[in-house]
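Asker: Residues per chain, in single letters:
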Amino acid sequence: MGFIILALKNLLRHKIRNFLTILGISASIATLFSIISFNKGFEANLQKEINRTGLHFMIVPSGCPHEVASLVLHGTVIPKFLNLDVLQKISQYEEFEITTPILVAQIFNSEKGKLDLVYGLEMDHLDKIKPHWKIDGEIPKSDASILVGYEVAKHYSIKKGDVLSYENVKFKVSGIIQKTSSQDDAFVYMPIKSLQRIINKPDSATGIGVRVKRVDKINSIIEELRQKVPGIQIVTMNEIVNSLSNLAASAKILGLSIVVVAITISALGIMNTVLMSIFERTEEIGVMRAIGASKVDIFQIVFFETVLLSLLGGIKGLLISLVFSNIIEGFLRSYMPYIPYGKIIQFDLFLALKCLIFSVFIGIIAGFLPALRALKINPIEAIRG
Amino acid sequence: MIELKDVVKVYQRGAEKVYALKNINLRIERGEFIAIVGPSGSGKTTLLHILGCLDKPTSGTVKFNGIEINRMSEADLLKIRRNKIGFVFQHFYLIPNLNVWENVTLPLLFSRKKTEREKIYSLLESVGLKEKIYHPVNKLSGGEMQRVAIARALINEPELVLADEPTGNLDTENSERIFELFKLLNVKGITIVIVTHNNDIARRVDRVITLRDGKIVE
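Line by line, the protein sequences are chains A and B.
Residue numbers for the first sequence follow this note's numbering, beginning at 95 and rising by one.
Residue numbers for the second sequence follow this note's numbering, beginning at 1354 and rising by one.
Be a bit skeptical, because a hint or two may be false.
[As the list claims (entries may be wrong)] Pairs of lysine-lysine residues, derived as DSSO-like cross-links and limited to a Cα-Cα distance of at most 27 Å, are as follows:
#, chain 1, residue 1, chain 2, residue 2
1, B, K1467, A, K389
2, A, K253, A, K222
3, A, K103, B, K1467
4, A, K206, A, K287
5, A, K389, B, K1416
None of these hints come from the bench; they were simulated from the model.
Assemble the whole structure, with the sequences as input and the hints as a guide.
Answerer: In structure tokens, the structure reads:
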């Protein structure tokens, strides 16, 4: 029998009490792990989403930057439109490789009796805006053809060649976009002219996507545009990333401050549990000292007890966050205005190890005072009772 | 083996000074079997603690194998306790969540010693616990518990065994068995000092030291 086994056996003496202490630690470690991995996943998935768009910046009517981010990444119906005069003005710039208007609207699908989110795009620019798309079928060549996202096609059982009606206008499905595992799967893509007609907004767009020829000149071009074209807002993909990352960072800070409170409470829980068990074992510790245990030995026993408590708490916390990651993610998704597509909370072994080490570290700090208290036990007084 | 000269032990109890031992002069030779008797509060246990290097006298000298222990550091006293002395208590003081084997071998953990399993088996056999090696100690009878405590005191092969009322919580039959065990150890050469109220035991040892009010009375 070694010190660790001895410590473990001591913990087993009060199963319920120690179980509750471990539960306290595990709750705080589960929260810590979930928040950090959510934040990491958020940034990684956000970058992936940004990389999927082939555009460098968006020109939109002045408004909220989060709204723009949602527009660019997910498609949101913003009740403001850019006049295409703006497009004409900016299409004169030679530095632009593509300027493409994007119109997003919710329109009635007469066949299915539901509202669909429809993206109006210049179909000629599709290969540049969405370079990663693979289409079963072909890009619409006429104003009467549309593309359908993977999820929409699956949900409605739409096949290539089917006909859909929007506001009594018939469209032939010229192709189905293969699964992208992004929000792109959830839309219908229509030539922008057709969408403008349907919603009765000729020559307008929700935004204009721009791809420049030379990326290093983006900043000077944007500066020039801001001065020359009034009533617009220019949002670069970097700004979108920053704006959303800030959003995630604020959520992280809020979350971490809750973790600090939780960890303080669980550290006090450890301290209380270990201190209580030392008070109960005063006689026993005194006898151990009498039969040859040094102060270091006693310290070791108490130390291993707290390390075991916090280690078990940490492991349990990681297991909890693994098992419940989908629920935690679902909960966060329903409360955050924007969350990138795809699974955000991933199990990162390195992060898990760091959380475990942190948990043990907290245990050691919390166990220090009780261990010192145990050292002060005088064997003679303890045995006398 | 142990020599006490003018040993005084004073405790502070609130504002009051309590003289637990007054001018004790005592020599214990190797291989002796000694009983310390006396009324409650006469200083028996204090004397036992000083003999066992658990406590230091307020004044006077204590020599263990010729070395003055009142000048020794805590670490050196601990070494003597680990290697030379075995303790047995009235209330056994076993660790309740450990089994017989684990309780008996606990001192080995502290002294970082390894002892062959055979030796431990034969020790447990000698105290009559061979059948109960893996029993939890809280399921044992009082007599068995005290035999576990004696085995624990013997595991480091001490020169001296100190027992504080070892039969105080036992019936006559079990007291007798424990006394026989001590006698056997003494025959093997181990010095035994027992604090006892049991006159039956006191009558059968080599020497009886009687304490009254912290003094040895003849």
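Asker: For every hint, state whether the structure bears it out.
Answerer: Consistency of the hints with the structure:
Between B/K1467 and A/K389, the direct Cα distance comes to roughly 21 Å. Compliance with the 27 Å bound is thereby established for this hinted pair. Straight-line distance between C-alpha atoms of A/K253 and A/K222 comes to about 25 Å, which keeps the hinted pair within the 27 Å bound. Taken as a hint, the A/K103 and B/K1467 pair is honoured in the structure, with Cα atoms around 21 Å apart against an allowance of 27 Å. With a C-alpha separation of about 23 Å, the suggested pair A/K206 and A/K287 falls inside the 27 Å cut-off, and the hint holds.
Straight-line distance between C-alpha atoms of A/K389 and B/K1416 comes to about 24 Å, which keeps the hinted pair within the 27 Å bound.
The structure agrees with every numbered hint stated previously.
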